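Number of protein chains: 2
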Amino acid sequence: MKTRLTLAMLVVLPLLQVVQGQEQQLAHIGDLRLDSGEMISDCVIGYRTFGKLNKYKSNAILFPTAFGWRSAALTSRIGQGKLIDADKYFVILVDSLANGVSSSPSNSKSQPGVEFPEFSIRDMVSSEQQLLLGTLHLRHLRAVMGFSMGGMQAFQWAVSYPGFMDKAVSIVASPQLTAYDLLLWHSSLLALESDPDWKKGHYTSQPGLHLLNMLQTLTLYTPRYLVSHNPRADYQKFESEQAQGPDDLDANDTLRQIQALLSTDVGASFGGSLQAAAATVRSQMLVIVSKQDHVVNPQPAADFARMLHAQLLELDSDCGHRAHTCEMKRIGEAVADFLEK
Amino acid sequence: MKTRLTLAMLVVLPLLQVVQGQEQQLAHIGDLRLDSGEMISDCVIGYRTFGKLNKYKSNAILFPTAFGWRSAALTSRIGQGKLIDADKYFVILVDSLANGVSSSPSNSKSQPGVEFPEFSIRDMVSSEQQLLLGTLHLRHLRAVMGFSMGGMQAFQWAVSYPGFMDKAVSIVASPQLTAYDLLLWHSSLLALESDPDWKKGHYTSQPGLHLLNMLQTLTLYTPRYLVSHNPRADYQKFESEQAQGPDDLDANDTLRQIQALLSTDVGASFGGSLQAAAATVRSQMLVIVSKQDHVVNPQPAADFARMLHAQLLELDSDCGHRAHTCEMKRIGEAVADFLEK
Chain E
2 MKTRLTLAML VVLPLLQVVQ GQEQQLAHIG DLRLDSGEMI SDCVIGYRTF GKLNKYKSNA
62 ILFPTAFGWR SAALTSRIGQ GKLIDADKYF VILVDSLANG VSSSPSNSKS QPGVEFPEFS
122 IRDMVSSEQQ LLLGTLHLRH LRAVMGFSMG GMQAFQWAVS YPGFMDKAVS IVASPQLTAY
182 DLLLWHSSLL ALESDPDWKK GHYTSQPGLH LLNMLQTLTL YTPRYLVSHN PRADYQKFES
242 EQAQGPDDLD ANDTLRQIQA LLSTDVGASF GGSLQAAAAT VRSQMLVIVS KQDHVVNPQP
302 AADFARMLHA QLLELDSDCG HRAHTCEMKR IGEAVADFLE K
Chain Z
2 MKTRLTLAML VVLPLLQVVQ GQEQQLAHIG DLRLDSGEMI SDCVIGYRTF GKLNKYKSNA
62 ILFPTAFGWR SAALTSRIGQ GKLIDADKYF VILVDSLANG VSSSPSNSKS QPGVEFPEFS
122 IRDMVSSEQQ LLLGTLHLRH LRAVMGFSMG GMQAFQWAVS YPGFMDKAVS IVASPQLTAY
182 DLLLWHSSLL ALESDPDWKK GHYTSQPGLH LLNMLQTLTL YTPRYLVSHN PRADYQKFES
242 EQAQGPDDLD ANDTLRQIQA LLSTDVGASF GGSLQAAAAT VRSQMLVIVS KQDHVVNPQP
302 AADFARMLHA QLLELDSDCG HRAHTCEMKR IGEAVADFLE K
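Chains as they are written, first to last, in this note's numbering: chain E, 2 to 342; chain Z, 2 to 342.
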């Protein structure tokens, strides 16, 4: 029995250690001063870690969540054949502001609901830097990576903190919204605010949320993909699934994240110039776009990559914006190659 | 002077004749029994004619309006280098039901506003047949042609009245909506009905209409086209123009036309089978689709064309659904060739 127990412990203990690291953790980073001059008081940032920090602290990768995502869901993107493998890296998944885990209209006691201030992609990045410096005691990253709103943050990290990381990876994201993106997100705002009860926050079955979810489904994939995966005969079931969306969505959280998306512009401090913003970047970048992306227009990311002479991977999947999932294996291989170089 | 007057009359009189023909005319076709069993009472159908009917009455072409269009706007599609030239043909532009000219929620005295019954694409086609038989005394057409909702009617004409026309031309339209189309139009309905005042009908600056117009702009062109034609710096102007839309739009008219679009299915009488519907078609067809069309998915039209062994022209314009305008010259040439054969 004694021998058996020891063997079991040898197997189980390291597993427990990994599992603990992957659990939701909350860092209290104090008041967060925003670009607007306002403040998120007693700001909390959620995160999870995977893998081990090496003794030189040179293998840390920051991976912030996309619009509407939580770090819990992002764990499915970690592993072999996924976006990033935690064998070599210490991966820090961060809950982006207003995702219902980090400080958000839905969970703030001092600034609840509509009292929670608007913030920008730059504020998200600033909150993450404070998490790294204050809680994780990291002054340098191997890389920042992310898809969609997470990739917007990777662009902003590269511009805001040029020396902080060796590399940055942006997947189906943009450094600066185009007229198309602005039209989409302003439409999403109108859809959300069309709901007479949206200010109350938590809702699960109201028309404004239905419309917002349907608008997202319309653009997440290409029409060709939607048609080939959803028979006309099953439309009612399809619509009710799409309209429903995640049932823990809070309207005010969603609103603040949409407003953050609308702020996307690495050129904001440079008179709107992508070229000037690109000139500040010191990290190597891998930019991955999906040519048929109808959520994030791929043009500015491709332009920015060319300005940086960065590695640009243009996917042409009819999966559209969801290439971050449909093409995960291919993206993961490109990311692994890029990080090793 | 006498000679001059005679010369002037020779020039002016035929012109007057043409101009008179092009003017808005209204036909009273009596009560229109609908597929649903309901009725549009004292139904009025608006139309305009171009060119001359030949003595064999063999050159008449019916051209119904698209969603939200009136025959007045469609006149810009007639002429050399346009969709159809009236030199050889007697072109009858028809105002589709609920477009604010033909019987509509906005103009019906006996069935105003929400009292105006829902109707289908088949009902539009039936109203047009009554116009031809009762008012224009035409029992046969050279062709039915149309783009978008007009093209949906061309498909339905070919299936509902197989012997009535020699040819049918459908441009950026569909014989049967896909899950994508259904999602788009159900979203449009939700957008319209999100406006608390939509039942009152006429509105010019309300959020539901803004959202509906923005949704249309998002899908009318490809993202690439929108981005290349609208600089980010001009976004505010662009959005206010797109959100505004036509200022004479009536919410109930728009609602009924959206519901008609949602009924699009030439297979409705054939258990939903496109193949069975295709077997009834006797007219030759020209089917023109736009591969990057994000308003009307091109797949069912292409499938239907193949079932009919019909001529299929697949455009690949980044103008998307608006290919009916951007590619007007090319489409016009294909239509002219097809009609002459």
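Quick caveat, the hints were computed from the structure, so don't treat them as lab data.
Honestly, I wouldn't trust all of these hints.
According to the in silico footprint, chain E covers these stretches of chain Z (three or more CB under 8 Å from chain E) [unchecked claim]:
1. 170 to 180
2. 224 to 236
Partial selection, computed: residues in chain E whose CB lies under 8 Å from chain Z [as the list claims (entries may be wrong)]:
3. TYR181
4. PRO208
5. GLY209
6. LEU212
7. THR218
8. ARG233
9. HIS295
A few chain Z positions that, by computed beta-carbon distances, are all more than 12 Å from chain E [what the hints assert, rightly or not]:
10. SER42
11. ALA192
12. ALA244
13. GLY273
14. ALA280
15. LYS292
16. PRO299
Computed from a predicted model, the values in this text were never measured in an experiment.
We put the beta carbon where it would ideally sit given N, CA and C, even for glycine.
Exercise. Would you list, in rising numerical order, the hints stated earlier that this structure does not obey?
Key: 11, 12, 13, 15, 16
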